[in-house]
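Now for the letters of each chain:
Protein chains: 2
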Amino acid sequence: MTVAKPPMRDALVAAAFRLFLERGYEQTTVDDIVTLAGVGRRSFFRYFPSKEDVVFPDHERCLADMTEFLARGGDEHDPVTRVCDAARLVLRMYAENPTFSVQRYRLTKKVPGLRTYELSVVWRYERALAEYLRRRFAGRPDGTLRADVIAAAVVAAHNNGLRSWLRSDGESDASAEVDHALAHVQRTFTPGAGPEPAQDVEDVVVLVSRRGAPMWRVVQEIEATLDRRTD
Amino acid sequence: MTVAKPPMRDALVAAAFRLFLERGYEQTTVDDIVTLAGVGRRSFFRYFPSKEDVVFPDHERCLADMTEFLARGGDEHDPVTRVCDAARLVLRMYAENPTFSVQRYRLTKKVPGLRTYELSVVWRYERALAEYLRRRFAGRPDGTLRADVIAAAVVAAHNNGLRSWLRSDGESDASAEVDHALAHVQRTFTPGAGPEPAQDVEDVVVLVSRRGAPMWRVVQEIEATLDRRTD
DNA sequence: GAACCGGACGGCACTGAGTTCCCCGACCAC
DNA sequence: GTGGTCGGGGAACTCAGTGCCGTCCGGTTC
Chain A
1 MTVAKPPMRD
11 ALVAAAFRLF
21 LERGYEQTTV
31 DDIVTLAGVG
41 RRSFFRYFPS
51 KEDVVFPDHE
61 RCLADMTEFL
71 ARGGDEHDPV
81 TRVCDAARLV
91 LRMYAENPTF
101 SVQRYRLTKK
111 VPGLRTYELS
121 VVWRYERALA
131 EYLRRRFAGR
141 PDGTLRADVI
151 AAAVVAAHNN
161 GLRSWLRSDG
171 ESDASAEVDH
181 ALAHVQRTFT
191 PGAGPEPAQD
201 VEDVVVLVSR
211 RGAPMWRVVQ
221 EIEATLDRRT
231 D
Chain B
1 MTVAKPPMRD
11 ALVAAAFRLF
21 LERGYEQTTV
31 DDIVTLAGVG
41 RRSFFRYFPS
51 KEDVVFPDHE
61 RCLADMTEFL
71 ARGGDEHDPV
81 TRVCDAARLV
91 LRMYAENPTF
101 SVQRYRLTKK
111 VPGLRTYELS
121 VVWRYERALA
131 EYLRRRFAGR
141 PDGTLRADVI
151 AAAVVAAHNN
161 GLRSWLRSDG
171 ESDASAEVDH
181 ALAHVQRTFT
191 PGAGPEPAQD
201 VEDVVVLVSR
211 RGAPMWRVVQ
221 EIEATLDRRT
231 D
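Chains as they are written, first to last, in the UniProt record's numbering: chain A, 1 to 231; chain B, 1 to 231.
It is worth saying that the hints were derived from the structure and are not from the lab. What you are looking at is a predicted structure, and each value in this text was computed from that prediction instead of being measured. By construction, the Cβ of each residue, glycine as well, lies at the ideal position given by its N, Cα and C atoms. A few of these clues could be false.
[As the list claims (entries may be wrong)] The list that follows gives simulated cross-link-like pairs (lysine-lysine, DSSO-like), each with its CA atoms no further than 30 angstroms apart: (1) B:110 with A:51; (2) A:109 with B:110; (3) A:51 with B:109; (4) B:51 with B:109.
[Claimed, not checked] The calculated label-pair distances, taken between Cβ atoms and stated as ranges, are: (5) A:127 with B:172: 45 to 55 angstroms; (6) B:21 with A:31: 31 to 41 angstroms; (7) A:180 with B:27: 44 to 54 angstroms.
[Stated by the list, open to error] Covered stretches of chain A (in silico footprint by chain B; criterion: 3 or more residues with CB under 8 angstroms from a CB of chain B, positions within the stretch not fixed): (8) 66-75; (9) 116-130.
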């Protein structure tokens, strides 16, 4: 929407993080921030509806991107794949500013108020995914239930990978971590493995398993078999 | 912990809800509440660390119950079953006061601040489940990932059933709703169906499936087969 | 040029949540 | 009695967030 981003907004974010890092979030007042940034107190709240918002300056934009990504088409793809790709949009935002993301992670880990705020943001992502899946699953038995569960699983997997990357101070491969986690979810929920069922392969898969084998091994085996067939 | 519950706490909750319902949450100040309850302002914050807490007076207790439930044993049961049972503890708390729960549901639906607060509470439940599963899955490949995903799925399913019940104004069968939702999750994640693998049944299961069949159907079929075998 | 106007910014005063400090009265021990 | 302390009350404070209004600045219109 806003084409030119006001430099004042960035100045406020920079000033805020400087202070947050050197004396802590709760020990920093909004007055401190605006004084350091050299602007009026009222202007802070023009750009950020609350003190917490300055810690997550780009989530609103990212949420809009995700909503748009899910809104425009994509119905020819597998729904689970689609929401996984949507989740990767969030990762991309984090990965664009690794040092910033790591600093923010350390902040949110320490400050309960920021954790809570982050939860509300994550919840909105999850709702966006769930709403999309509900549309795709409309009519199926337990459609909304499936949608909610898959959305929650995708978000949990994404966060698992993301946090693992953040804990490594941005040293590990963020995409690899999240891809691995999302693949796990996709393996659990995707009906059929391949992107498009190949036409010239056998129509039947036979699985032989020892009784009592863990289900995840069974699923893994089915996946592997299907993958081999579609090669 | 606290054996005798102070009547003052209940008086504050009652006064708060009367005012919240007749003029709204944000239109009610803490001073209004303490005036109606006939106590000092300071006493309110002695019992509730924040204004939001008065809306969820029993969650702290319930969270402690769940933590204790997961802490003491239960390791002979299937982990997924165990966390599903833990989730049912929360449902029980809601079901104990249906009218109160429905009123609170309507409040949290309208007031964003309360939604956020509720999220932080739900998050703590989810973390309790995830920590338990992480212990149970310790050593397995992707143990923490599986733990996080399953915990998220269980919470999502529980909330799906719970909300469905709350939207019915407490008229429907809460347990049935949640049981159905949790069964869905259990079907997705449980390694093997029966409680204990019987010793005198066949050691091998053969599944024949059409290529491209939805994974949930495949899993369902495996489950059904295993159930038949353990009868 | 002057008058006009709309948007960005600053200053101030206000509400209300949450905290700190201190008070009081009750109840108990000695 | 004196000395505890424990549950509660209350004044005063900090700070986030809001409303109102003033100012300044760039561009228009006459």
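Query raised in the report: Which hints, by number, does the structure contradict?
Result: Per hint list: 5 and 8 violated.
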